[in-house]
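Asks: The residues making up each chain are set out below.
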Amino acid sequence: MKRVRSVAIATVVAAGLALVMSACGGGGGGSGGTTTSSTSTAGKTFPTLKVVWGTTDYMDPGLSYRLESWQLFQDTYLGLVVKARVSCNTDDCTKILPGLATTTGTVSDGGKHYVFTLRKGLKYSNGQPIKASDFPATIIRDFKMSSPGIGFFSNIVGSDACEANPPKCKSISGIVTNDTAGTVQISLKEPESDFLYVMSIPFTSPVPASTPQKDTENPPPAASGPYYIASYNPSKSFVLKRNPYWKKGSIPAIPDGNPDEVKALMTSDQAQSAQLVASNQYMYDENLLPTDQLSHYKSKYADQIKFYTTPSTYYFFMNWRLKPFSNVKARQAVNYAINRQQLVNLRGGLGVPTENFLPPSYPQYQKINPYPYNLQKAKQLVQQSGMAGQKVTVYTISDVAVDLSTGEYLQGQLNKIGFKASLKPLASANYFTIVGNQATKAQIGFTDWFEDYPYPSDWFNVLQNGENITQIHNNNYGNVDVDSVNHEIDALDHLPPNDALSKSTNSRWAAIDKDLMEKYASTVPYLNGIETSFFSSKMDVGCDVFTDNFDDIAQFCLK
Amino acid sequence: MIPFIIRRLFGMLLVLLAVSFIVYLIFIVIPGGDPAIRIAGRTATAANIVAIKQKLGLDQNFIVQWWDMLKQLFTGQLISYYDGTNVVQQIKAGLPVTFSLAVGAGIIWLGFGILVGTIAAVTAGRTTDRLITAAALIGISMPVAWLGLLFRYFLSGEKGWPALFPDGGYVPLTQNPAQWFYHLLLPWFTLAILFIGFYGRVLRSNVLDTINEDFVRTAKAKGLTPTRILVKHTLRASLIPIVTLFGLDFAAVLGGGAIITETVYSLHGVGWYAAQSIQTQDLPPLMGVTLYGAMFIVVFSLLVDIAYAFLDPRIRLT
Amino acid sequence: MATTGQDEFTLDTAAELAEEEGAGKEIQGRSPWALAGRRLRRNHVALAFLGVFILVVVACLLAPVYVSHVSHIGPNDTQSGASVVINGKKTLVISNGSTKIVNGTPVVTPGGVPIGPQWGAAGGKYILGADELGRDVTTRLLYGGRNSLFIGVTSAAICTVLSVILALLAGYFGGTTDWIISRIFDLIWAFPVILLGIALGTALQVNGFHHFGINLSGSSLWITVAVISFVFIPYIGRPLRGQVLALRNREFVEAATAQGAGPIRIMFTEVLPNLASSVLVLFTLIIASAILTEVGLSYLGAGVQPPNPSWGTMIEEGQNKLATAPQISLYAGIAIAITVLSINVFGDGLRDALDPRAKIRIEH
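From first to last, the protein sequence lines are chains A, B and C.
Quick note, my numbering runs 26 ahead of the 1-based positions in the first sequence.
Quick note, my numbering runs 32 ahead of the 1-based positions in the second sequence.
Quick note, my numbering runs 9 ahead of the 1-based positions in the third sequence.
Just to be clear, a hint being listed does not mean it is correct.
What the hints assert, rightly or not - Here are the simulated BS3-like cross-link-like pairs (lysine-lysine), alpha carbons at most 30 Å apart as the crow flies:
1) A/Lys442 - C/Lys98
2) A/Lys289 - B/Lys124
3) A/Lys417 - A/Lys405
4) A/Lys240 - A/Lys194
5) B/Lys124 - A/Lys240
6) A/Lys403 - C/Lys109
7) B/Lys124 - A/Lys262
8) C/Lys109 - A/Lys326
9) A/Lys564 - C/Lys109
10) A/Lys442 - A/Lys467
11) A/Lys332 - C/Lys109
12) A/Lys324 - C/Lys98
13) A/Lys289 - A/Lys274
14) A/Lys393 - A/Lys355
15) A/Lys170 - A/Lys196
16) A/Lys585 - C/Lys109
17) A/Lys289 - A/Lys324
18) A/Lys540 - A/Lys467
19) A/Lys403 - C/Lys99
20) A/Lys393 - C/Lys109
21) C/Lys109 - A/Lys540
22) A/Lys446 - A/Lys467
23) A/Lys76 - B/Lys124
24) A/Lys267 - B/Lys124
25) A/Lys170 - A/Lys194
26) A/Lys355 - A/Lys442
As the list claims (entries may be wrong) - The following residues of chain A were derived to be distant from chain C, with all beta-carbon distances above 10 Å:
27) Trp96
28) Gly147
29) Gln154
30) Lys170
31) Lys240
32) Pro260
33) Lys349
34) Ser352
35) Pro389
36) Gly415
37) Gln416
38) Lys446
39) Ile495
40) Val508
In case anyone wonders, no lab produced these hints; they're calculated from the structure.
Backbone N, C-alpha and C define an ideal beta-carbon position, used for all residues, glycine too.
Let the hints inform the model, and build the full structure from the sequences given.
Replies: Below you can see the structure in the form of structure tokens.
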């Protein structure tokens with residue numbers, strides 16, 4: 027998904043993601059070790075948690091594709107399976123655990139068939155029982171709303187018919203449920219390596235079948251988790267309350283939650299939200315600290331701020347279908363021309379330079395450094411490519427200051443190496459729609475990616491697979507298309523279940539990362555993001571659990 | 033009087049219709065491109081684009097679309113393209129903020145403007161007058177955005193100095209009157225400085241003109257005290273143009289014209305809403321906000337003309 | 010309103026001047042323009058501020074000279090990784106910030122702070138400091154001034170010309186023409202000014218303007234010029250129309266008509282010269298409003314587009330860097346205030362010189 031204030035369009039028209047995540051074998055970031063829930067912070071309840079939050083796109087789990095909403099969904103809309111709610115520093119935060127289902131699924135038919143059994147007696151926040159048939163109803167609802175998540179379902183048998191004609195879709199043949207037994211059976215066209223992860227993201231979290239099949243935010247749909255969203259006022263406020271039908275301890279992986287109620291003020295004004303927390307009017311700032319005052323906050327409130335690495339990469343896309351970046355030398359030139367340290371400086375230091383596409387926390391990450399900053403070399407390559415003097419329009423976001431400066435930096439560097447670069451800033455609300463439209467003919471521009479789940483297929487298949495290029499709402503902005511790489515990505519997605527995280531598989535993913543950069547200079551990755559969490563002096567920072575993309579507010583506690 | 037009002041009301045209606053049509057032209061016709069793709073936002077397929085076109089009526093001729101949008105606005109059913117919220121409700125939500133800003137600032141600028149203008153006129157030519165005039169000229173020469181930023185920076189703790197004032201934001205009156213007032217002080221003054229300068233000068237000029245009028249000379253000849261002349265005769269006449277100016281300016285601010293002040297101080301009023309909608313090129317809210325603002329302007333224009341006729345017996349309404 | 014700078018009220022009419030020159034001397038006939046010029050010359054404050062304005066304009070026009078001889082850094086010349094020598098010491102233009110991962114925890118060193126005003130300590134570079142991309146603030150201020158002044162003056166000029174034409178037509182012909190033009194004025198007037206400006210500016214910025222054979226890219230300054238000219242038409246048009254209506258019924262117009270002069274001739278040779286002083290004053294004062302409007306529009310992103318500098322965009326760029334780099338917004342604001350103040354003071358002086366009774370007022 028994309029970051030703050032950016033419209034996220036990520037329909038993955040995946041041509042078969044394949045492989046099952048094995049329940050054992052660790053995975054992703056942390057240092058292995060202890061598993062399951064974080065009941066260590068339980069029993070520290072308190073009445074009200076007042077927070078300042080960033081603005082978001084939707085508060086409907088079927089539609090929202092933003093961190094700001096997903097951070098709330100982890101405690102409100104649970105999937106059949108869930109990701110562990112533990113801190114990535116100390117535990118395996120990428121582990122998949124049973125959620126609404128009793129296990130992480132019984133797999134058969136070489137990874138093509140899954141059976142989940144719902145726990146008994148679970149109810150939504152409106153009192154309705156959670157039924158097995160709610161799951162396909164939710165998927166169908168996603169199709170009818172043209173959710174950005176529908177691309178994740180393309181491997182389910184029978185989903186094509188639903189996608190082709192949403193108004194007429196009443197059922198999906200590959201999903202068979204039995205409400206009395208509480209079973210959900212899912213048949214896939216091919217084995218899929220990240221399927222359990224897909225089952226843990228909000229697009230697949232069941233909501234009552236009676237939920238209207240359109241954007242429901244007033245209030246949002248009934249919740250299955252320990253909290254429900256009682257009210258939501260777009261860009262203004264929201265309130266979370268305890269789910270009256272949640273049974274404490276009913277799902278080991280999910281904490282019951284410390285605050286009785288969460289009241290949030292939403293604002294995109296970073297300076298204002300930081301000051302509200304500094305003055306103790308609010309207890310937690312979800313927004314990034316204003317980079318301009320980073321020194322000041324860091325020195326004055328050192329023990330109230332936590333910094334976190336995130337599985338995110340900021341990069342520039344380059345359009346392979348248009349001059350000048352149809353030429354590999356031109357693309358390599360851009361990579362040499364970017365001083366990544368300077369881009370970190372634009373963020374006040376909140377970033378780690380990178381030349382990899384995958385984030386460092388992945389086991390499939392192997393650090394490469396093929397393009398150390400070298401303006402001379404860049405100029406030579408531009409000359410050699412025959413593209414010197416070409417007009418280039420740099421696309422970037424206009425209303426996020428850092429993104430705008432980043433675009434201006436890129437433009438400046440392109441001019442220095444021999445192109446004639448101009449800038450086209452667009453409002454963030456429209457940016458990704460415009461850039462993702464082939465008709466725009468965007469040659470180069472800013473973009474970023476925060477993982478949906480911790481597996482390389484979420485990166486390469488969505489963003490750099492030539493077979494997933496679309497006319498509109500394209501996510502492969504660069505139209506990156508290398509046959510051998512496409513095939514390797516597909517192959518790695520079709521491996522048998524237990525091979526998903528083997529050493530050789532990890533090496534193969536790492537090889538894709540390396541080749542795309544060294545051989546093809548497919549994109550210009552430049553940094554991995556650092557997030558800040560700012561707490562008021564009333565909060566015990568030790569309770570903070572950062573579950574790889576965001577904090578878990580249910581586990582916050584007072585001093 | 034009545035026929036005049038009726039004719040004016042009719043004219044107002046025409047103006048509002050024309051305003052809405054122009055807003056429509058600006059956002060649909062000028063940028064070109066396919067609005068459905070822009071609006072589609074999250075959907076993927078061509079089929080969905082077609083569905084959106086049908087749902088929003090974008091496949092119809094644009095006059096029909098415009099008329100539909102107007103109908104939806106007046107029945108309170110106009111929905112934003114961008115986030116599906118109800119435009120009329122969003123405008124209503126912004127009203128308390130904009131009204132608070134407008135009324136407070138209005139009282140300050142009218143009050144100080146009159147005070148400052150009167151003093152300047154009475155001490156005309158002397159140092160006090162020159163100082164006031166200089167201050168007024170400086171006041172109207174400063175960009176509002178910059179002024180607001182400087183205030184926030186120096187007085188609201190951004191520089192690291194202790195915060196004398198809150199750093200933007202709005203607290204509802206019903207929630208906490210003291211905080212409501214405190215949060216609005218800086219925005220009120222930022223907005224008012226520009227107007228105080230202008231009104232001060234206009235009033236000063238009017239008073240000086242009026243002093244030379246015959247009726248004032250007569251009053252002097254009759255032996256009235258200077259203060260009485262000033263207050264009862266001179267000011268009354270000089271204030272008339274001020275009243276009309278104030279009517280229009282106040283209408284503009286009420287109508288969401290204080291976009292910059294609301295943006296700089298993160299006050300989520302109607303002006304702020306307008307600025308957001310323009311960023312996202314979201315036509316329905318823009319239509320709503322523009323008509324809302326235009327309505328205030330034309331209504332207050334009418335009120336001001338009527339008031340002028342009452343106050344100045346020399347004026348006849350035609 | 011009498012201006013500051015005059016010692017006492019004097020209308021400087023020919024009669025008073027004659028009195029001054031002493032009894033018995035022949036009263037010299039002086040044209041209104043000569044009298045106006047005299048009054049203006051005696052208004053030292055207004056002239057001083059005119060001088061300030063001219064200085065600002067000249068400085069901005071000389072921006073390229075500043076770049077080639079003083080700062081050696083162009084307005085869009087990003088210098089992110091560069092160093093300068095300050096008092097003999099080599100310093101980074103932008104401080105380095107970083108995040109190092111120590112035992113799995115990020116340790117952040119804040120950075121990215123551009124150097125502040127050097128006032129000559131670094132040679133001619135960064136006299137007023139750098140911005141977050143290492144660009145020279147003074148250079149951008151000067152080039153930005155070019156853009157802001159160009160927009161301000163040109164839009165004021167276009168607006169004035171259009172308004173004069175419309176006012177003449179409306180006031181002279183009356184009837185339906187007047188009705189139509191007055192409704193046009195009303196229509197533009199009814200739009201909240203800044204909203205109309207932003208709406209037009211944003212809509213045109215997306216794809217530019219490609220109709221009627223005119224081709225403007227979205228980042229063209231002419232779009233902002235057109236928007237501002239359009240928006241202020243009623244502000245000049247209405248007062249002028251009022252004056253034309255009054256003038257129309259005067260004897261000299263009747264006389265001209267009786268002599269067989271056509272309407273166009275009358276409008277331009279009889280009516281227009283009588284409007285000249287109002288036009289001049291209004292033009293001057295609209296320049297001030299136009300510059301402030303450009304600042305507002307650029308601040309909201311609907312005016313000059315990045316990376317091109319203008320005083321308004323610089324205020325916007327610097328707004329969330331006030332703690333570490335106040336120079337970006339601060340000096341742009343000061344430049345605007347000084348320029349607009351100069352225009353206002355001079356405009357006042359001009360108005361007093363041309364019509365001491367100051368019957369002209371801009372409707373707000």
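Asks: Now tell me, hint by hint, if it's right for this structure.
Replies: So, going through the hints one by one against the coordinates:
1. Between A/Lys442 and C/Lys98 the CA atoms are separated by roughly 27 Å; this keeps the pair inside 30 Å, and the hint holds.
2. Only pairs whose Cα atoms come within 30 Å are accepted, and A/Lys289 paired with B/Lys124 is accepted, the gap being roughly 22 Å.
3. The suggested pairing of A/Lys417 with A/Lys405 holds, with an alpha-carbon distance near 15 Å, which does not exceed 30 Å.
4. A threshold of 30 Å between alpha carbons decides the hint, and for A/Lys240 with A/Lys194 the separation of about 15 Å falls inside it, so the pair holds.
5. A hinted pair counts as satisfied when its Cα atoms are at most 30 Å apart, and B/Lys124 with A/Lys240 qualifies at roughly 24 Å.
6. The suggested pairing of A/Lys403 with C/Lys109 holds, with an alpha-carbon distance near 28 Å, which does not exceed 30 Å.
7. Straight-line distance between C-alpha atoms of B/Lys124 and A/Lys262 comes to about 14 Å, which keeps the hinted pair within the 30 Å bound.
8. With a C-alpha separation of about 21 Å, the suggested pair C/Lys109 and A/Lys326 falls inside the 30 Å cut-off, and the hint holds.
9. A hinted pair counts as satisfied when its Cα atoms are at most 30 Å apart, and A/Lys564 with C/Lys109 qualifies at roughly 28 Å.
10. For the proposed pair A/Lys442 and A/Lys467, the alpha carbon gap of about 23 Å is at most 30 Å, so the pair holds.
11. A threshold of 30 Å between alpha carbons decides the hint, and for A/Lys332 with C/Lys109 the separation of about 14 Å falls inside it, so the pair holds.
12. The straight-line distance between the Cα atoms of A/Lys324 and C/Lys98 is roughly 28 Å, inside the 30 Å bound, and the hint therefore holds.
13. As the CA atoms of A/Lys289 and A/Lys274 are separated by approximately 22 Å, the hinted pair is consistent with the 30 Å bound.
14. Annotation: proposed proximity of A/Lys393 to A/Lys355 holds, straight-line Cα distance about 22 Å (limit 30 Å).
15. Between the alpha carbons of A/Lys170 and A/Lys196 the distance comes to roughly 10 Å, so the proposed pair stays at or under 30 Å and holds.
16. Pair hint A/Lys585 plus C/Lys109 holds up; C-alpha atoms about 29 Å apart against a cutoff of 30 Å.
17. Between A/Lys289 and A/Lys324 the alpha-carbon distance is near 26 Å, which keeps this suggested pair within the 30 Å criterion.
18. Between A/Lys540 and A/Lys467 the CA atoms are separated by roughly 27 Å; this keeps the pair inside 30 Å, and the hint holds.
19. Proximity of A/Lys403 to C/Lys99 is assessed by CA-CA distance (about 25 Å); at most 30 Å being required, the pair is judged to hold.
20. At roughly 15 Å between alpha-carbon atoms, A/Lys393 and C/Lys109 fall within 30 Å of each other, so this suggested pair holds.
21. Among the hinted pairs, C/Lys109 with A/Lys540 is consistent with the structure: their alpha-carbon atoms are about 23 Å apart, no more than 30 Å.
22. For the given pair, A/Lys446 sits about 16 Å from A/Lys467 by alpha-carbon distance, which is consistent with the 30 Å threshold.
23. Distance hint between A/Lys76 and B/Lys124 is fulfilled; the C-alpha atoms sit about 25 Å from each other, no more than 30 Å.
24. Annotation: proposed proximity of A/Lys267 to B/Lys124 holds, straight-line Cα distance about 26 Å (limit 30 Å).
25. Between A/Lys170 and A/Lys194 the CA atoms are separated by roughly 9 Å; this keeps the pair inside 30 Å, and the hint holds.
26. Proposed proximity of A/Lys355 and A/Lys442 is supported: the alpha carbons are some 16 Å apart, at most 30 Å.
27. Every C-beta of chain C lies more than 10 Å from that of A/Trp96, the closest at about 21 Å, which supports listing it as non-interface.
28. Every CB of chain C is more than 10 Å from the CB of A/Gly147 (nearest about 40 Å), matching its label as outside the interface.
29. Taking the minimum C-beta to C-beta distance to chain C, about 43 Å, the non-interface status of A/Gln154 holds against the 10 Å cut.
30. For A/Lys170, the non-interface assignment is confirmed: its Cβ lies about 31 Å from the closest Cβ of chain C, beyond the 10 Å cut-off.
31. For A/Lys240, the condition that its CB be more than 10 Å from all CB atoms of chain C holds, with the nearest at approximately 29 Å.
32. Once the 10 Å rule is applied to beta carbons, A/Pro260 is consistent with being away from chain C; the minimum gap is 21 Å.
33. Residue-level check passed: A/Lys349 sits 20 Å from the nearest beta carbon of chain C, beyond 10 Å.
34. Look at A/Ser352: its CB is around 24 Å from the nearest CB on chain C, clear of 10 Å, so calling it non-interface holds up.
35. The beta carbon of A/Pro389 sits about 15 Å from the closest Cβ of chain C, which is more than 10 Å, so the claim that it is off the interface holds.
36. Interface exclusion of A/Gly415 from chain C stands, the closest Cβ pair being 18 Å apart, more than 10 Å.
37. With a minimum CB-CB distance of about 18 Å to chain C, A/Gln416 clears the 10 Å threshold, and the non-interface call stands.
38. Its beta-carbon lying about 12 Å from the closest one in chain C, A/Lys446 satisfies the requirement of being farther than 10 Å from that chain.
39. With a least beta-carbon separation of about 25 Å from chain C, A/Ile495 lies farther than 10 Å from that chain, consistent with its non-interface assignment.
40. In this structure A/Val508 is separated from chain C by more than 10 Å, as the shortest Cβ-Cβ distance comes to about 32 Å.
Violation of the numbered hints given earlier is absent; every hint is satisfied by the structure.
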